[in-house]
Each structure stands twice: as C-alpha cells, then as structure tokens.
Amino acid sequence: MSDKITTPREITFRVRRFDPDADSAPHWSEYRLDVHDGMTVLEALHQLKAEQEPTLSWRSSCRMGVCGSCGMFINDLPQLACQTQVLHLGTDVVTIAPLPNYDNVKDLVPNLEPLIEKHAAVKPYIIYLDQMEIDSPTGEFLQTPDEREAFSQFTFCIKCGLCLAACPTVATDPLFLGPQALAQAYRYTADNRDCGMKERIEAIDIFHGPYQCHLAGACSQACPKGVDPAFGIQLLKRALVLDSMGFGKKKSSVAKVVPLADVVKAIEEFAPPPRTVGK
Amino acid sequence: MNSNSEPTAYNNRLGLKGWIYAGKYTFERYLYLGHRLSGMGLIAYMVLHIIETANRMRGVEAWEGLMALFASWPFKIIEYLLFAAAVFHALNGVRLLLTELGFFLGRPKEPVYPYSSSIKRHRPLTYIVMTLAGLIIILGGSSLFFP
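As given, the protein sequences belong to chains A and B, one line each in that order.
Mind the numbering: the first sequence is residues -18 to 260 in the numbering used here, read in order.
Mind the numbering: the second sequence is residues 572 to 718 in the numbering used here, read in order.
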C-alpha cells in the first residue's frame, strides 16, 4: 500500500456552500484538517462542523453505506461520503459538492424528490392479477433459487441517487426515468411472481424511457452496492423487445400458489438439524 | 438574497456540460459521447447533402464548380471525418444493439464485493469492435488520401 493512502497528513477540503436565504449562487469555501488513516469524508465533515464551520449542512444517517443518505460529488465522482476514505482519494485537495442533476437545497443537501417520483412511476411492486388471492391469500408463492437470482441483484438498491447524478442522459433530459427507476422496473418485471408487464410498459415504454440509455455505464460505476443499473436497463430493453414480438412472459409462467395446508404440513415434517451446542 | 419569502433551491443540473464532460468515468462513457456526437454529425451531413445536391438545379456550371470545391484538401479532410464518424457510429451501434438484447453482459448475480459489472464483462466486445472501427478508419483514410 502506498504512503499516499496511509500517511496521516493535512488535507484541504474545498466544500461548495449554498444558503438559499443568503445566496443567489453557490460558492466554494476551503478548510484544512488533519486526516488520519481510515477517516471517511463523512467523519471529516463532522469534524469540520464541530471545530470550524457549525453552519455546514449535509444529509447522513447510518454511517455504514446502508441508508444511502450521504451521496455527494467527491473529487468529481458521485460517492457515499461514509464509504469514501479521504486518504484513499490520493489527493491533497478534496472537493465536495452536492450531487449534480438534483436541485441543491442547502450546502451539500440535494433534493431527491425526482428520484422518488421516478421510482414510484414505474410501479415498483409485484402486480398479481388474481385479486381474490391478494385479498384472501390461500397459500404461498413458489420461487426457485434460479428464479430469485434473475432479479436479486437489483433488490440491493438503497435509493441513494448516485446513479442519476452520474448519468449523462439525466443531465440533459430531466424527464428521463433514469437508471434507478428503470433497473427497479426490471427487478419487478423479472420476478416470476409478477404479472404487471403490461401495466408497467405504459409507464416505461415512453420517449423518456430505457431507449434514451446508450450504455455510458456511469451509473454502474457510481453504484455503491453493485446493483449495476445499466445492466438492468439493457435487460429491460430486451424484455420490452421480446414482449413486443409476442415472446414476453406468459401468465402461465407466474409462480404457483402452494396451498397453506401443504406449507404447514411441510413445516411440521421438517426435522431440525442435531444440536451442536449444549449437548 | 431571494426576493421571495420562500427560500428557493439552486438548479444544480449539469446540462450540456454533464453530457459532454466524461471526466473520471470509464471508457464506455467516452463511447457514449462519441456515439452521440457522431450521430449528430451524420444528421447534420444529411441535411447539408440535400442542400448540396439541390445545386444541380442551378445548372451544370454551378454543379461542376461545387464538385471542384469538394475535391480540395479541406473538404477531403471533412469527408474523412464524416467517414470516420459513420464507421464509429455503425460499429458502436452494433455493440449497443447486441448489449440491448442482453448479449455479452453476463447473468444477474448477487453482488459480492469487489463488485463485477456488466460494463466490465462486455469490455472484450468493446475492445474488438473499437479495434475493428480503428482499422477500417485507417484503411479508409489511406484509400481516400492516397488512391
């Protein structure tokens, strides 16, 4: 490991500031801070706020890459502040700006409303045609491990919004549904329990839909959870093409409902493994 | 200071800069830019081509004068750039067509760190297609400039 990423030293932080009550445009402020090995950008911001700039604002919560709140534009790439170690950036000046392609509410706080609205627009839930089964379930859905693996990668999305900040199409087309929503559309379309392809097509097969994506791959590069939204979009395009040619998912391929009685019987017959502790 | 009582957010959309500046992103991000720029160039050529051929209606002399202009070196270079754009756009388009149909991207799998992405998995295809485009552009250039 090179000294550049392990030697504690003083780092200059260039932070973009914006106060909607006082400023008409953002400006840059510089702060200097002694950074130790392992210190994340989020920890550095907390220290800056505590010691130098109490009005500095950002959004964060879990500090461990799970909640997706602390997305920022760090050294010209969208990254989670809690997962980015300052010394690993390898520069003596670290620039921190709010996520681009979102309105800037204050300092490093983006307005993520468009992300949530686009996510909701693609019907991100399982649509099952049998309303009787939804209202009064008679059993459980059957799903094999292979059927689950077809979409499980895309369930890891934490809605941090980094992919929309990275996407060059979103930069010029604010109505483009974007990598997050389209990958989620595929996640539900690929689920064998879902029958909502027809309904979902109305929401996604539009001018601002998946065909605006020309596989720049920036969204997959930015994704902190390995969801690979660009992959989801390409698979969604294939699903749309197959559907338009009449080879789409047929209703008969929908997961079968296993009667509750059979499930209870299977549980009753299930023998637990022998005890290994406290024999 | 805002004149409204309600504080307003700052429009942080990157716009054209976010489209043109590929910065620290991967090779495919630059191909995205090249694909769009070459596409726009080809559309612009199509319009200019119609205007150019319409000059035939102005008589033989006007037409031959225009052809002599197009035979000059600056226009040869423009013609070559147009050829390069068409080759790049066509071959990169084949790559996009294949990936849009799900080929060469691998299969979805549980993300385990360090993550592998479909972008990396289809990179051999990217390199093959771009090498082919480069070769055709070089060979085409040699036949255009040194017939």
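Honestly, the hints are just simulated from the structure, not real lab data.
Glycine included, every Cβ here is placed at the ideal spot set by N, Cα and C.
Check the hints yourself; a few may be wrong.
[What the hints assert, rightly or not] Facing chain B, a subset of chain A residues (Cβ under 8 Å, in silico): (1) Asp57; (2) Ser201; (3) Lys206; (4) Ala252.
[Said to hold, decoys possible] Cut-off 27 Å, straight-line C-alpha distance, at most; resulting in silico cross-link-like pairs (DSSO-like, lysine-lysine): (5) A/Lys140 to B/Lys691; (6) A/Lys179 to B/Lys691; (7) A/Lys206 to B/Lys647; (8) A/Lys140 to A/Lys246; (9) A/Lys140 to A/Lys30; (10) B/Lys595 to A/Lys104; (11) A/Lys104 to A/Lys206; (12) B/Lys595 to B/Lys691; (13) B/Lys680 to B/Lys691; (14) A/Lys104 to B/Lys680; (15) A/Lys206 to B/Lys595; (16) A/Lys30 to A/Lys104; (17) A/Lys206 to B/Lys691; (18) A/Lys104 to A/Lys140; (19) B/Lys691 to B/Lys588; (20) B/Lys595 to A/Lys140; (21) B/Lys647 to A/Lys140; (22) A/Lys246 to A/Lys206.
Hint-by-hint comparison with the structure:
Interface hint at A/Asp57: satisfied, since its Cβ lies 5 Å from the closest Cβ of chain B, which is below the 8 Å cut-off. At a threshold of 8 Å, the smallest CB-CB gap from A/Ser201 to chain B is about 4 Å, leaving the interface hint in force. The criterion of a C-beta within 8 Å of any C-beta in chain B is met by A/Lys206, whose closest approach is roughly 6 Å, and the hint holds. About 28 Å separates the beta-carbon of A/Ala252 from the nearest beta-carbon of chain B, more than 8 Å, and the hint is not met.
At roughly 23 Å between alpha-carbon atoms, A/Lys140 and B/Lys691 fall within 27 Å of each other, so this suggested pair holds. For the hint pairing A/Lys179 with B/Lys691, the CA-to-CA distance comes to about 32 Å; that exceeds 27 Å, so the pair is violated. Taking the CA atoms of A/Lys206 and B/Lys647, the gap is about 49 Å. The hint is violated against a cut of 27 Å. A C-alpha spacing of about 39 Å is found between A/Lys140 and A/Lys246, which places the hinted pair above 27 Å, so the restraint is violated.
Using a Cα cut-off of 27 Å, the hinted pair A/Lys140 and A/Lys30 holds, with the two alpha carbons roughly 26 Å apart. Annotation: proposed proximity of B/Lys595 to A/Lys104 is violated, straight-line Cα distance about 33 Å (limit 27 Å). A distance of roughly 22 Å separates the Cα atoms of A/Lys104 and A/Lys206; the hinted pair therefore holds under the 27 Å criterion. For the hint pairing B/Lys595 with B/Lys691, the CA-to-CA distance comes to about 16 Å; that is within 27 Å, so the pair holds.
The suggested pairing of B/Lys680 with B/Lys691 holds, with an alpha-carbon distance near 14 Å, which does not exceed 27 Å. For the suggested pair A/Lys104 and B/Lys680, the alpha carbons sit about 23 Å apart, so the restraint of at most 27 Å is met. Straight-line distance between C-alpha atoms of A/Lys206 and B/Lys595 comes to about 19 Å, which keeps the hinted pair within the 27 Å bound. With a C-alpha separation of about 40 Å, the suggested pair A/Lys30 and A/Lys104 falls outside the 27 Å cut-off, and the hint is violated.
Between A/Lys206 and B/Lys691 the CA atoms are separated by roughly 16 Å; this keeps the pair inside 27 Å, and the hint holds. Between A/Lys104 and A/Lys140 the alpha-carbon distance is near 15 Å, which keeps this suggested pair within the 27 Å criterion. Restraint check for B/Lys691 and B/Lys588: the C-alpha separation of about 25 Å stays at or below 27 Å, so the hint holds. Proposed proximity of B/Lys595 and A/Lys140 is supported: the alpha carbons are some 23 Å apart, at most 27 Å.
For a cut-off of 27 Å, the pair hint linking B/Lys647 to A/Lys140 is broken: about 51 Å separates their Cα positions. For the suggested pair A/Lys246 and A/Lys206, the alpha carbons sit about 38 Å apart, so the restraint of at most 27 Å is broken.
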